[in-house]
Amino acid sequence: MSSPILKLVAQRVALGILLLLAVSVLIFAGTQILPGDVAQAILGQSATPESLANLREQLGLNQPAYLRYFHWLGGVLTGDLGTAMSSGQDIATSIKGRLWNTLFLAFWAAIVAVPLAIILGLIAVRYRNGWVDKLISGLALASTSFPEFFIGYVLVYFFAVKWQIFPGISTVYDGMPFGERMQAIALPAAALTLVVLAHMMRMTRAAILNVMQSAYVETAELKGLSAFNVIRKHAFPNAIAPIINVVMLNLAYLIVGVVVVEVIFVYPGMGQYLVDHVTKRDVPVVQAVGLIFAAVYISLNIIADIAAIVANPRLRHPK
Amino acid sequence: MADTKAKSGLLLDIRNLRIEATVFPPGEPPKNIVLVHDVSLTLEKGKVLGLIGESGAGKSTIGLSSMGYGRGGVRITGGEVILNGRDILKGGKDGFRKLRGREVCYVAQSAAAAFNPAHRLMDQVVEATLLHGTATRAEAEKRAVALFKKLSLPNPETIGERFPHQVSGGQLQRVMTAMALCSEPDLIVFDEPTTALDVTTQIDVLAAIKDAIRDTHVAALYITHDLAVVAQVSDEIMVLRHGRLVEWGGTRQIIKEPRQEYTNALVSVHEIEHQEQKPGTTPFLSVKNVTAAYGRSDIKVLKNVSVDIYPGQTLAVVGESGSGKSTLARAITGLLPPEAGTVTFDGRPLANRLADRPKEDLRQLQMIYQMADVAMNPRQTVATIIGRPLEFYFGMRGRERDRRVTELLDKIEMGKGFSDRYPAELSGGQKQRVCIARSLAAKPKLIICDEVTSALDPLVAHGILELLLELQKEENVAYLFITHDLATVKSIADSIAVMYRGEVVRYGPKSKVLSPPFDAYTDLLLSSVPEMEIGWLEKAIKGRRMASAGN
Numbered sequence: 001m002s003s004p005i006l007k008l009v010a011q012r013v014a015l016g017i018l019l020l021l022a023v024s025v026l027i028f029a030g031t032q033i034l035p036g037d038v039a040q041a042i043l044g045q046s047a048t049p050e051s052l053a054n055l056r057e058q059l060g061l062n063q064p065a066y067l068r069y070f071h072w073l074g075g076v077l078t079g080d081l082g083t084a085m086s087s088g089q090d091i092a093t094s095i096k097g098r099l100w101n102t103l104f105l106a107f108w109a110a111i112v113a114v115p116l117a118i119i120l121g122l123i124a125v126r127y128r129n130g131w132v133d134k135l136i137s138g139l140a141l142a143s144t145s146f147p148e149f150f151i152g153y154v155l156v157y158f159f160a161v162k163w164q165i166f167p168g169i170s171t172v173y174d175g176m177p178f179g180e181r182m183q184a185i186a187l188p189a190a191a192l193t194l195v196v197l198a199h200m201m202r203m204t205r206a207a208i209l210n211v212m213q214s215a216y217v218e219t220a221e222l223k224g225l226s227a228f229n230v231i232r233k234h235a236f237p238n239a240i241a242p243i244i245n246v247v248m249l250n251l252a253y254l255i256v257g258v259v260v261v262e263v264i265f266v267y268p269g270m271g272q273y274l275v276d277h278v279t280k281r282d283v284p285v286v287q288a289v290g291l292i293f294a295a296v297y298i299s300l301n302i303i304a305d306i307a308a309i310v311a312n313p314r315l316r317h318p319k
Numbered sequence: 001m002a003d004t005k006a007k008s009g010l011l012l013d014i015r016n017l018r019i020e021a022t023v024f025p026p027g028e029p030p031k032n033i034v035l036v037h038d039v040s041l042t043l044e045k046g047k048v049l050g051l052i053g054e055s056g057a058g059k060s061t062i063g064l065s066s067m068g069y070g071r072g073g074v075r076i077t078g079g080e081v082i083l084n085g086r087d088i089l090k091g092g093k094d095g096f097r098k099l100r101g102r103e104v105c106y107v108a109q110s111a112a113a114a115f116n117p118a119h120r121l122m123d124q125v126v127e128a129t130l131l132h133g134t135a136t137r138a139e140a141e142k143r144a145v146a147l148f149k150k151l152s153l154p155n156p157e158t159i160g161e162r163f164p165h166q167v168s169g170g171q172l173q174r175v176m177t178a179m180a181l182c183s184e185p186d187l188i189v190f191d192e193p194t195t196a197l198d199v200t201t202q203i204d205v206l207a208a209i210k211d212a213i214r215d216t217h218v219a220a221l222y223i224t225h226d227l228a229v230v231a232q233v234s235d236e237i238m239v240l241r242h243g244r245l246v247e248w249g250g251t252r253q254i255i256k257e258p259r260q261e262y263t264n265a266l267v268s269v270h271e272i273e274h275q276e277q278k279p280g281t282t283p284f285l286s287v288k289n290v291t292a293a294y295g296r297s298d299i300k301v302l303k304n305v306s307v308d309i310y311p312g313q314t315l316a317v318v319g320e321s322g323s324g325k326s327t328l329a330r331a332i333t334g335l336l337p338p339e340a341g342t343v344t345f346d347g348r349p350l351a352n353r354l355a356d357r358p359k360e361d362l363r364q365l366q367m368i369y370q371m372a373d374v375a376m377n378p379r380q381t382v383a384t385i386i387g388r389p390l391e392f393y394f395g396m397r398g399r400e401r402d403r404r405v406t407e408l409l410d411k412i413e414m415g416k417g418f419s420d421r422y423p424a425e426l427s428g429g430q431k432q433r434v435c436i437a438r439s440l441a442a443k444p445k446l447i448i449c450d451e452v453t454s455a456l457d458p459l460v461a462h463g464i465l466e467l468l469l470e471l472q473k474e475e476n477v478a479y480l481f482i483t484h485d486l487a488t489v490k491s492i493a494d495s496i497a498v499m500y501r502g503e504v505v506r507y508g509p510k511s512k513v514l515s516p517p518f519d520a521y522t523d524l525l526l527s528s529v530p531e532m533e534i535g536w537l538e539k540a541i542k543g544r545r546m547a548s549a550g551n
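Those protein sequences? They're chains A and B, same order as listed.
319 is the number that this note's numbering gives the last residue of the first sequence; the numbers go up by one with no jumps.
551 is the number that this note's numbering gives the last residue of the second sequence; the numbers go up by one with no jumps.
Read the hints as simulated data drawn from the structure, not as lab findings.
Even for Gly, the Cβ is constructed at its ideal location relative to N, Cα and C.
Take the hints with a grain of salt, since some may be wrong.
Claimed, not checked - Calculated cross-link-like contacts (lysine-lysine; reagent style BS3-like; alpha-carbon spacing at most 25 Å): (1) B:Lys303 - B:Lys510; (2) A:Lys134 - B:Lys93; (3) B:Lys256 - B:Lys490; (4) B:Lys510 - B:Lys473; (5) A:Lys233 - B:Lys93; (6) B:Lys512 - B:Lys473; (7) B:Lys45 - B:Lys90; (8) B:Lys45 - B:Lys210; (9) B:Lys359 - B:Lys443; (10) A:Lys233 - B:Lys142; (11) B:Lys542 - B:Lys210; (12) B:Lys98 - A:Lys233.
Unchecked claim - These stretches of chain B come out as covered by chain A in the derived footprint (C-beta under 8 Å, 3 or more residues): (13) 91-104; (14) 155-166.
Stated by the list, open to error - To give a feel for the contact side, a few chain A residues facing chain B, derived at Cβ under 10 Å: (15) Tyr216; (16) Val217; (17) Thr219; (18) Leu222; (19) Gly224; (20) Ser226; (21) Ala227; (22) Ile240; (23) Ala311; (24) Arg314.
Next comes chain B alone, as it looks inside the complex:
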């Protein structure tokens, strides 16, 4: 694209990049922190480099530095970013504006948020091309339609006339890829482009992105925390941690023969040994033929759902977004009274409506949520948060309560020192642990875990799952574990219910549900989970029996 081609095949050469930000801790003077410590990387034309690491590793920050962009006051304070043979950091604001959207384009994690809701898709897709004057409007639109076709979007001729809210998440992610490719850049920065999607959709988008990269010979920085995903699209992988380089090598070497201990930990993160427990004779909680809808809508979100939960065991509910998993939890807890069907607890039916249930029933069913930070009052300390159910259900006060809080903190492997902290002073994993302690404080028979590890980094999620299993052994508490992540299911479940469009399509003990013969949907779900295997993507796409819903 750019006229000043470097002599070699080198496109991007980042040397000793140093990125800093100023933080304003409450009650302290502002201070500088270093986000990226002297990281160097090179990328040849048409190649894909995967940047991988946990949150805070500096992946996105490094990726965006190739466009001279720093999010929220982040500053590039050292090093060189040489793109097409020139140091872009010396070009100033005008220089950045000329290369953004022309030489380097960006694909964001959530296309749903990254598209402007007020404009039609086509206007947004061709905007950068027109801005930089590389094509007329007619040419750019023709190019966009061709890209929509290549990315196998439905109705490629007319999809551009739609507004973002009229298109599903998976399709939007592909439109965003088309938007990046439309101005024919030399480099695209993909920032977790499939993380927000369902597994069955992720595989389609991943395949579309991979084909588009191959056919257009564009180079890419592919940022993700999921090694299995990055292994499908990258030529090389760079592992980062705390803004420092851990390991950099070919894709095969990184996933098969990692040289660093940290890389090894990332590669082997999902393996938890969990012996399946046989279902007991009598379940303590049965959901029988429950049907539910939101408002007076005719669309039933749950259709005739029946599942049983046995004491001290885990029932995993799996499915895509919109399959009714969380609605099932809402029906059980009484937040959404079912239209038909019953929920029985210890042999007696539970009141449909939350307001009609006695305190004792409320105590027996507790919940943990996906977003731990919004599930806690930011102005209460950890001790107040955990102590609240103790006061509410057991009337504990003073020293007795404090002793119990310390006990619970001990159980979640956090010391007494945490009791005076506020949620904002905890890490993501610690916040989730506090939520677990809060639900345990009520001594419930059942804890409903709604996507509790989805917002966490793999290693942290691993720790949470191990903690949950250990607590189950100690307290004999049952879990209703809602998740879209099959790897999690394998590590924690005793029985599994697979949900699809409001119905349970497969239900039984884990070993049975996960062994063939499969129904079409379970097969799709299972075969869509990325495996850390080069060439898995092509094999999986070929072997599919059913197309995904595409949301």
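This is chain A alone, in the form it adopts within the complex:
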């Protein structure tokens, strides 16, 4: 790989880090603006002013905000996310297992959803404006239009209650055999797949249709290639950049947007952890989870950017 690509990639990564820092400031500032503080939350409404002042002193809350920010940031950078107020547990340790659970679910949902969406997109282009195209688009749009909780409950109703194929509650624990774990996440993964499918499929279809107007597609047709090979060999490689973008956007959604689905299936992931602690007004946990979600979102978008750069032959093979 040559220097222009390295330079562009380095630029993207540097921008991403800068963006993440900006997000950390926003998250910190956001939690500061909320009425009340940690000390009040811990001691409750019956606290006396003296005990509040004591606790604030103890927690370092009477220091200026920017000092507390740097203290917090320093901790985050060294892997110390702080302690949850509600349980007194170390946040980093409790997040580790849950993050892994969330990634596990997102990974399997993506493994199904991404290839399926792209293949459906290719088929829709091949039979564009015909009934196959309309059927695919219609079903995909319908599945996206229903709210996630609705899809979730429909799946539970049929697969867990009526036919009893999969469990309706996705309990997983450490040391659970792989097969059982897969069975447990089948329904939430299916719900997630249905939610993200249409967006990726429609984008694949649109990006390829855009490329189908090109002169080189006509050249391929005039070589005698079959319609599907024209799409696969000549249109798809040139439509890859916008497709990667939307795929990454949806992968990010699979990780940071699963809150509702995790709650429905009582799946011990990041989303549930976040919801639990928002209700308990556990600010340190909310900050930590928000920062991790932002990091995931930003890095996936950087990967999309870099992939789009690398997919461009003009940048890969300069003159």
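Got chain A sorted already, so can you dock chain B onto it with the hints?
Structure of chain B alone, referenced to chain A:
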């Protein structure tokens, strides 16, 4: 190539071909239009038939019908296309797929667009051969390299490893010809293969195509709007207009003794009598030692350029693509502030940057562009488009403005009825006329015309040039006329600046610039303009003193 050889030497026999398309005019029900009306033609093995006509004549549509292909919903609704003794229209989709890329291959106008940017050239060149299984990969690649050599491409052994963007336009056009020849077809359809190239490159590609046709004994349909080009490669020429046959005959007969009035008009299209005006004493606009570059690049697109423009006269700037012609226009208008040098107007220097120039200076310099249809807002009517400079520069409103718009429409020989039309409802020539009226509305001293006739058919371009000359007489406006077409220069210029790689290599009154002795580049440029003469190509190639840049 095909096993079913017809008994005679006949390769292609198109009988009463009828091609239709459905159009969807806005606000009206869709309707069928006939693009090709009962055209018949025959082509023998190894012969070249030129199809010629203006845009909309049905040339490409007929050419592609030999592969059973219709662009964008075009349908073949009648007639027979008999190739190698069988009617291909009866073969269905599979039949088309088997003959495309094997019996008939296609060379497109813009090879730069017709190659897939994501794949290496070699993979694309041998693709059809491998698909139809007529050779193994090694054989096909060997054949391709031999063809690259024959088409005199540089580094024939390794050029196939490159991607399309790493090769120049002229070379790509030759690679595309090699791609068509690689599967050893019986017929190649050349669709304006040299139109998008510079004249100096066109001559090389044309010679390469001609040699390749001769040596491989392939038959060809050669589609172009340029009679001088087609006269170099064709055995016979067919003139088409509005999807109907006008005249069909031997090449010599068509160009020397045309029988139809329309053919005659095509043959004699470039002749405009224009008396050269002597330069006056003081130019109103002088460009002095201007140097310019894009961005902070070290590559100077303009190097120390100086030219003068006199009131009511035309300075033509000629050169190949990349020579800096349009950049000169951008420097004069302030769109690209020069790094060094000055532009003086009426004795005072103009601000370098467009943003620093007063409205009055902006009014005095107007521009007309090559692509008239993208230079106009598609959602504005002709009256709004022409009226805009009237409002902006002169503050005209209401009836006064409308009267002036009508006057201007009259000047460009379009009636008042056009004022409520949208650009999409105009023909190419009419759009360019509206752009001319818009620039005239500002009453400028100078109009910069950037390749204004390049996208137009010869007859329409002719009309635009005549209009420009007439307006010059009436309004005493000067033109800076940027073009790569020397025939246009001869018809319109008073003085000429020849540009090559950012420098003015020859500059002076038209009569001087166009008479010998020539410098090497001007000689190349002049000798590369196709003449309507059989055997011109060979003579021109032999007489050249300098090779073209090849872009």
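Each hint, compared with the structure:
1. Straight-line distance between C-alpha atoms of B:Lys303 and B:Lys510 comes to about 23 Å, which keeps the hinted pair within the 25 Å bound.
2. Taking the CA atoms of A:Lys134 and B:Lys93, the gap is about 23 Å. The hint holds against a cut of 25 Å.
3. Only pairs whose Cα atoms come within 25 Å are accepted, and B:Lys256 paired with B:Lys490 is accepted, the gap being roughly 22 Å.
4. Straight-line distance between C-alpha atoms of B:Lys510 and B:Lys473 comes to about 18 Å, which keeps the hinted pair within the 25 Å bound.
5. A C-alpha spacing of about 20 Å is found between A:Lys233 and B:Lys93, which places the hinted pair at or below 25 Å, so the restraint holds.
6. Using a Cα cut-off of 25 Å, the hinted pair B:Lys512 and B:Lys473 holds, with the two alpha carbons roughly 23 Å apart.
7. A distance of roughly 22 Å separates the Cα atoms of B:Lys45 and B:Lys90; the hinted pair therefore holds under the 25 Å criterion.
8. Using a Cα cut-off of 25 Å, the hinted pair B:Lys45 and B:Lys210 holds, with the two alpha carbons roughly 15 Å apart.
9. Of the pairs offered as hints, the one joining B:Lys359 and B:Lys443 holds, with about 13 Å between alpha carbons and a cut-off of 25 Å not exceeded.
10. Taken as a hint, the A:Lys233 and B:Lys142 pair is honoured in the structure, with Cα atoms around 23 Å apart against an allowance of 25 Å.
11. Distance hint between B:Lys542 and B:Lys210 is fulfilled; the C-alpha atoms sit about 15 Å from each other, no more than 25 Å.
12. Distance hint between B:Lys98 and A:Lys233 is fulfilled; the C-alpha atoms sit about 18 Å from each other, no more than 25 Å.
13. With a cut-off of 8 Å between beta carbons, the stretch 91-104 of chain B has 7 residues touching chain A; three or more are needed, and the interface restraint holds.
14. Counting residues of the stretch 155-166 of chain B whose beta carbon lies closer than 8 Å to any beta carbon of chain A gives 4, which reaches the threshold of three, so the coverage claim holds.
15. Because the smallest distance between the Cβ of A:Tyr216 and any Cβ of chain B comes to about 4 Å, under 10 Å, the interface hint for this residue holds.
16. For A:Val217, the suggested interface contact is upheld, since its CB lies about 8 Å from the closest CB of chain B, less than 10 Å.
17. Given the 10 Å rule on beta carbons, the hint for A:Thr219 holds: about 5 Å separates it from the nearest Cβ of chain B.
18. Evaluation of the A:Leu222 hint against chain B yields a held restraint, the C-beta minimum of about 4 Å falling below 10 Å.
19. Interface restraint check for A:Gly224: the shortest CB-CB distance to chain B comes to about 4 Å, inside 10 Å, so the restraint holds.
20. For A:Ser226, the interface hint holds, the least distance from its beta-carbon to any beta-carbon of chain B being 7 Å, beneath 10 Å.
21. About 9 Å separates the beta-carbon of A:Ala227 from the nearest beta-carbon of chain B, less than 10 Å, and the hint is met.
22. Of the supplied interface hints, the one on A:Ile240 holds, with its beta-carbon coming within about 8 Å of a beta-carbon of chain B, less than 10 Å.
23. About 8 Å separates the beta-carbon of A:Ala311 from the nearest beta-carbon of chain B, less than 10 Å, and the hint is met.
24. At about 5 Å, the closest approach between the beta carbon of A:Arg314 and any beta carbon in chain B falls short of 10 Å, and the interface hint on this residue holds.
Consistency note: the structure conflicts with none of the earlier hints.
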